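Protein chains: 2
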Amino acid sequence: MHKEITIIGPGLIGASLGLALKRKKICKKIIGIDTSKQNLRYAYSIKAIDEKREKIDKRIKKSSIIFICTPVSLIDKIIYELSDYTEKNQIISDVGSVKNIFEKKTLKLNDKKFSLVPGHPIAGTEHSGAKNAFNNLFQNKWCILTPISDNKKSIRIVSEIWRRIGMKVATMKVNEHDKIMSITSHLPHLIAFTIVGTAFNLNIKKKNELINFAAGGFKDFTRIGSSDPKMWTDIFLKNKEFLKDTLSLFLKDIEKIKKLIEDEKYSQIFRLLQRTKEIRNSIIKKRI
Amino acid sequence: MHKEITIIGPGLIGASLGLALKRKKICKKIIGIDTSKQNLRYAYSIKAIDEKREKIDKRIKKSSIIFICTPVSLIDKIIYELSDYTEKNQIISDVGSVKNIFEKKTLKLNDKKFSLVPGHPIAGTEHSGAKNAFNNLFQNKWCILTPISDNKKSIRIVSEIWRRIGMKVATMKVNEHDKIMSITSHLPHLIAFTIVGTAFNLNIKKKNELINFAAGGFKDFTRIGSSDPKMWTDIFLKNKEFLKDTLSLFLKDIEKIKKLIEDEKYSQIFRLLQRTKEIRNSIIKKRI
Numbered sequence: 009m010h011k012e013i014t015i016i017g018p019g020l021i022g023a024s025l026g027l028a029l030k031r032k033k034i035c036k037k038i039i040g041i042d043t044s045k046q047n048l049r050y051a052y053s054i055k056a057i058d059e060k061r062e063k064i065d066k067r068i069k070k071s072s073i074i075f076i077c078t079p080v081s082l083i084d085k086i087i088y089e090l091s092d093y094t095e096k097n098q099i100i101s102d103v104g105s106v107k108n109i110f111e112k113k114t115l116k117l118n119d120k121k122f123s124l125v126p127g128h129p130i131a132g133t134e135h136s137g138a139k140n141a142f143n144n145l146f147q148n149k150w151c152i153l154t155p156i157s158d159n160k161k162s163i164r165i166v167s168e169i170w171r172r173i174g175m176k177v178a179t180m181k182v183n184e185h186d187k188i189m190s191i192t193s194h195l196p197h198l199i200a201f202t203i204v205g206t207a208f209n210l211n212i213k214k215k216n217e218l219i220n221f222a223a224g225g226f227k228d229f230t231r232i233g234s235s236d237p238k239m240w241t242d243i244f245l246k247n248k249e250f251l252k253d254t255l256s257l258f259l260k261d262i263e264k265i266k267k268l269i270e271d272e273k274y275s276q277i278f279r280l281l282q283r284t285k286e287i288r289n290s291i292i293k294k295r296i
Numbered sequence: 009m010h011k012e013i014t015i016i017g018p019g020l021i022g023a024s025l026g027l028a029l030k031r032k033k034i035c036k037k038i039i040g041i042d043t044s045k046q047n048l049r050y051a052y053s054i055k056a057i058d059e060k061r062e063k064i065d066k067r068i069k070k071s072s073i074i075f076i077c078t079p080v081s082l083i084d085k086i087i088y089e090l091s092d093y094t095e096k097n098q099i100i101s102d103v104g105s106v107k108n109i110f111e112k113k114t115l116k117l118n119d120k121k122f123s124l125v126p127g128h129p130i131a132g133t134e135h136s137g138a139k140n141a142f143n144n145l146f147q148n149k150w151c152i153l154t155p156i157s158d159n160k161k162s163i164r165i166v167s168e169i170w171r172r173i174g175m176k177v178a179t180m181k182v183n184e185h186d187k188i189m190s191i192t193s194h195l196p197h198l199i200a201f202t203i204v205g206t207a208f209n210l211n212i213k214k215k216n217e218l219i220n221f222a223a224g225g226f227k228d229f230t231r232i233g234s235s236d237p238k239m240w241t242d243i244f245l246k247n248k249e250f251l252k253d254t255l256s257l258f259l260k261d262i263e264k265i266k267k268l269i270e271d272e273k274y275s276q277i278f279r280l281l282q283r284t285k286e287i288r289n290s291i292i293k294k295r296i
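Chains A and B supply the protein sequences, listed in that same order. Quick note, the first sequence lines up with residues 9 to 296 if you use my numbering. Quick note, the second sequence lines up with residues 9 to 296 if you use my numbering.
Rather than coming from a laboratory, the hints here were simulated on the basis of the structure.
With a cut-off of at most 25 Å between alpha-carbon atoms, the simulated DSS-like pairs for lysine-lysine come out as follows:
| hint | chain 1 | residue 1 | chain 2 | residue 2 |
| --- | --- | --- | --- | --- |
| 1 | A | K260 | A | K285 |
| 2 | A | K215 | B | K285 |
| 3 | A | K30 | A | K55 |
| 4 | B | K238 | A | K227 |
| 5 | B | K149 | A | K213 |
| 6 | B | K267 | B | K252 |
| 7 | A | K116 | A | K66 |
| 8 | A | K267 | B | K238 |
| 9 | B | K66 | B | K113 |
| 10 | B | K60 | B | K45 |
| 11 | A | K266 | B | K260 |
| 12 | B | K113 | B | K248 |
| 13 | A | K252 | B | K227 |
| 14 | B | K120 | B | K63 |
| 15 | A | K160 | A | K70 |
| 16 | B | K252 | A | K264 |
| 17 | A | K181 | A | K160 |
| 18 | A | K227 | A | K149 |
| 19 | B | K285 | A | K227 |
| 20 | B | K267 | A | K267 |
| 21 | A | K120 | A | K85 |
| 22 | A | K264 | B | K215 |
| 23 | B | K176 | A | K213 |
| 24 | A | K252 | B | K285 |
| 25 | B | K260 | A | K238 |
| 26 | A | K285 | B | K227 |
| 27 | A | K120 | A | K63 |
| 28 | A | K176 | B | K227 |
Keep in mind the model is a prediction, meaning the values are calculated, not measured.
Same shape as in the complex, but just chain A (with noise of 0.2 Å):
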């Protein structure tokens, strides 16, 4: 069991994290830090923080580790703000859904000011905030590890933390996890993203009553396309390169589509599609 550990920036993640830990009896006392008095106040009244502080100081060195699980283009700063205080043995983790994000003079210190293990527990809905928070958000979800050392220790000591909350844990290079989110995460909530706005530039009579005709499709593009728009901006412009790769290959895609359906080419797009079908139904099986 953990004497204590810091959480920096306690919203949905962050705060569930809080009340996973303490439901598995992992850590005795739990720190938020947060800029918002609102959001840590509400993590404070859940239970999901022992104390609330404002910003980062030297009472840190008491936490053997420090999640930092705010948005993307804050943990950086954070970190190398953190190497104030932090010493060697005291671990680093994060939350981020980007992991190339890290600079140089950061990476310089790890194990030598901090022991850093970046991390992406693959869970989350489209609120943001404690208030959205509930403690079994990460069970039976994926946590990948991105290791930029070899420190063994630490990286066990995280995994650990991870499986006893209920995840699975994997470990990947940056670059893999990067390309691998652009497609399965950045790119969906960036068409969501912008196909509600293109819905609402449409020349439609009956806009405000589009939700009410749209089954399936559209309904699960605005749920996704209602996530944190600063949270997302972040990822967006952080994983920048994989995601442009990744929406040229999926416009290239579509683009052709366009163009066999223009020219009616029943049987070529029917085996488009079926092809999609089988490749889901391919992994669905490998699952099992």
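With chain A's structure known, arrange chain B on it following the hints.
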């Protein structure tokens, strides 16, 4: 209570309709017509239909209403075939996802050889066939009617049926329906089918594990993208014009955000995403 209703194509929608008609005691006897013996047997075994037929013939005269629940590309042809046997007072309706599907020669027979009330119950899952039918598939969903003539009695009878099995019924013009569906259903499906293909053409080592690492976004997309390929090829081609226009607008919008990401225009991207969230919230509020 109707004495006899025929359902042509008792698949997911048709067999669910049969189950609902019987549960609500709207009809005494339901005839199922299908070219697939297997599907007919299944529909019969779950009591969605009371009699199995493999072809359309003069026995159809006994049905006061005929619902055509086949893929959209077959509907017009079937109506024309029915007209050899039907009489002026017999109602023909359908459940197709595209409504601009009737040939002139078919429309000419309306109110002479049958009374046509085109409809679209917006309900369904990614599964198809009678084996996936369930009686409350339509509960609380919307059904859109796109009447092509002013036969008030027939429109009232068809409306009444959908209402009694739990649907909210709206009436709109054919083009309005097809335009709305192009954005709320057809484009999302086209995107979902495409992105699964894009993903599996990507050069990724752990391709088979893609689905594991897909929180939200991609998982929804693969589910949508596993819908029936024949049905969706039909829909894409039948709604070709509106789908093409809507897709072009979407592509313009996504090229715009792609450029913003490339140029790292943080605040412009943020405003775009925030607007989506606002639009979404405003619709959701209006519904309550």
